[in-house]
Amino acid sequence: MPARAEDFRAEVRQFLAEHLTGEMIAATRDGTIHSPALHRAIADRGWLSGAVPAELGGGGMDPVELCVLLEELQLHQAPADALGVAVVGVSMILEHGNEHLRGAVAPRLMSGEALVCLGYSEPESGSDVAAARTRAVRDGDRWVINGSKMWTTLAHVADYVLLLTRTDPEVPKHRGLTFFVVPLDTAGIEIQAVETMGNERSNATFYDDVLLGDEWRLGEVNDGWTVMKTALKYERGIAGGQFPSPPVIEAAVDWARRARRADGSRPIDDDEVRNKLVRAMIDVEVCRSFAYHTAALASEGAMFGVEGSMTKLFASESYKKHCAWFLDMMGAEGLLTHDDPGAHMDGRIEEHFRHAPVTAIYGGTSEINRNLVAEGWLGLPRSR
Amino acid sequence: MAEAFGDLFAREATAEAVRAAEAGCGFDPDLWRKLAAAGAPQMAVGVADGGGGASLVDLAVVVHEWGRRIAPVPLVEHAVCARLLSDAGNGEPIRELAASVISGDLIATMAPGPIEPDSTARLVPAGAVADVVAARRGDDIVVARSRPPGAARPNTADLPLADRDLSGAETVASGAAAASAWDRALAEWRALMAVAYAGLAGEVLAMGVAYTKQRHQFGVPVGSFQAVQHGLADAATRSEGARLLAFRAVSAVDAGRADGARLASMALLFGAESARFAADRVLQYHGGYGYSAEYDVQLYYRRAAGWLLQLGEPAAEVARLADADLGPKAA
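Chains as they are written, first to last, in numbering that gives the first Met the number 0: chain A, 0 to 383; chain B, 0 to 330.
What the hints contain is simulated information worked out from the structure, not anything from laboratory work. Do not rely on the hints blindly, as some may be mistaken.
In silico contact screen, one side only, chain B against chain A (beta carbon under 10 Å); selected entries [what the hints assert, rightly or not]: (1) P116; (2) T119; (3) L185; (4) G207; (5) A232; (6) R261; (7) D322.
Straight-line C-alpha distance at most 16 Å; calculated EDC-like pairs for lysine to aspartate or glutamate [claimed, not checked]: (8) B:K33 with A:E374; (9) B:K212 with A:E271; (10) B:K33 with B:E11; (11) B:K328 with A:E374; (12) B:K328 with A:E271.
Glycine included, each C-beta is placed from N, C-alpha and C at the ideal position.
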């Protein structure tokens, strides 16, 4: 890690000390991992537009600094789910958008004034994202959209959805897709909450004869897969979410020091507990090595792909493992949720235990990432 | 440089050479002479002391190639001990000895474990072939020059492990200076072995990919089955993570950073575990042939276990990390 990145880390920590409050973290208990005030403060600081590549008109922040920013946000449990989505959304719009989208939408997203969410998955298509069936049919200079999307997280607080639609059902699935930026206050859109095991709120969104002008189309007609590939590229560029374990380890160490077993001993003096804590800390250093490496590749201008898959695969799988280890370590106490006044550190480990599974699913499942490593890194034949 | 040494190892440290060394004590004297002539064992010793003046990171790049070929020469032991002697050797007798070590005329190693009351250092890595053995005795670093036994104690990985009598050892450093020099040398050893493990894992994975692409069962390549692909993908992911962590550790140790020893221990543990996992998956996906002596994967499988254990118990390595990060255990 270069020295300038460590200077930047100090700057981020100072920023978080000033802007991130305990109330903001507690407010995420309603299931929405977003704080409007924090989002605006990050944008005002120039870090949202900064994370957008310079060649697209963004701030072109050094990827190593971006990596440090995302690391620190996660280490401090900052509710910043909207940040990564905004960066991807703005990048897609600036790369493929028409004048209308670039002029009316991108600046609002970059300033943090408006939010965007992602409409890729559907009830019948998740990993097979190109199988989307939500229809967009041209009607003069307008489009009529019908269908439904799953996992449109943040839709209930967002202003726009990046919608992947089918415009030609007669051609192979990758060739009949078109993207739209859809204002969520358009008539015919319904948003329904989807409750999750981790208490985070996601949404199903329904589109019933939604009428949209052609100025909201993102990219060429039937060229949606090109736009999708851009989205995946930028998503990997801001490969956040790679440091999920440290808050869990911190809580586990705290518990292991405070708790007393029936024989009066402390768990922290138990070799099995110490072994698991050390193994988890090693995994965190591996995650850090991956993240710094992909950031360094990006700052040299190299395009990485499979490295991003490895990073995400390792981070999410090891995080799940750590949550299970430390939940077990606590025995029955580990089961207490934050609603119980006696729960250790507001039930932090228990909460992470319920959250962890989704990290191996969203943004590319572990199975898809293993396929990508097998094909792209090892050169094994394609299998399905 | 990586390419030049990579070529040398690929040419000389073939699987046949590894097998031939296994018939002896796990050492290939020809390869050692060629490496010494090319300047590898002494490359990371200062120029003023007769070395090549390369950094630890440069050495690590060569060690990666050494690990890839599981080459039967004590490159890491010797290189680390040569650096230790060039730093610690102030007295006249040790200076001469150090010069012979740095030139590669004498092979040197370190005994990671304590010396027994009868002055024996047990199961010393490269002990079968080393002319010079450095060890810890009380608060001192001691060095013994004696005739190597030339025979190893038979072991899983066919490593040149042997017991050595260190009764004639002379003290070369004492007190706090000895402690910090020794700890630094061990950190270098761990970090470099972590890099060697990354080389081993990379090669064993390449073996697994080549075999599963070529081997057909049920009318298709074994490597087209998703169960096989996902096992190899997990192994590749862990091995790449291990490689990145190992080089981070080498850089930190080289720069004398405070977290160097911690990262070196972590990299060694994770590197060993990842390489063993990779060797296990690749052996498994070879089917019965993986278990046969004829295929090379078994050579890698055994060394993946042996390299770590010759440095001590993994649990002791974990305990050291735990003590540093969590504080010592209550009695």
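The hints, checked one at a time:
Taking 10 Å as the C-beta contact cut-off toward chain A, the hint placing B:P116 at the interface is violated, the least distance being around 28 Å. The restraint placing B:T119 at the interface with chain A is violated, with a minimum CB-CB distance near 29 Å, outside the 10 Å limit. A distance limit of 10 Å between C-beta atoms decides the matter here; for B:L185 the minimum to chain A is near 18 Å, and the interface restraint is violated. Hint status for B:G207 relative to chain A: holds, with the closest Cβ pair at about 8 Å, below 10 Å.
Here the hint on B:A232 is kept, as its CB sits about 4 Å from the closest CB of chain A, short of 10 Å. Interface hint at B:R261: satisfied, since its Cβ lies 9 Å from the closest Cβ of chain A, which is below the 10 Å cut-off. Restraint check, B:D322 versus chain A: the minimum CB separation of about 9 Å is within 10 Å; hint holds. The hinted pair formed by B:K33 and A:E374 fails the criterion: a straight-line CA distance of about 39 Å is larger than 16 Å.
For the given pair, B:K212 sits about 41 Å from A:E271 by alpha-carbon distance, which is inconsistent with the 16 Å threshold. Using a Cα cut-off of 16 Å, the hinted pair B:K33 and B:E11 holds, with the two alpha carbons roughly 9 Å apart. This hinted pair does not check out: B:K328 and A:E374 have alpha carbons roughly 46 Å apart, beyond 16 Å. For a cut-off of 16 Å, the pair hint linking B:K328 to A:E271 stands: about 12 Å separates their Cα positions.
In this structure, the hints that do not hold are numbers 1, 2, 3, 8, 9, 11, in rising order.
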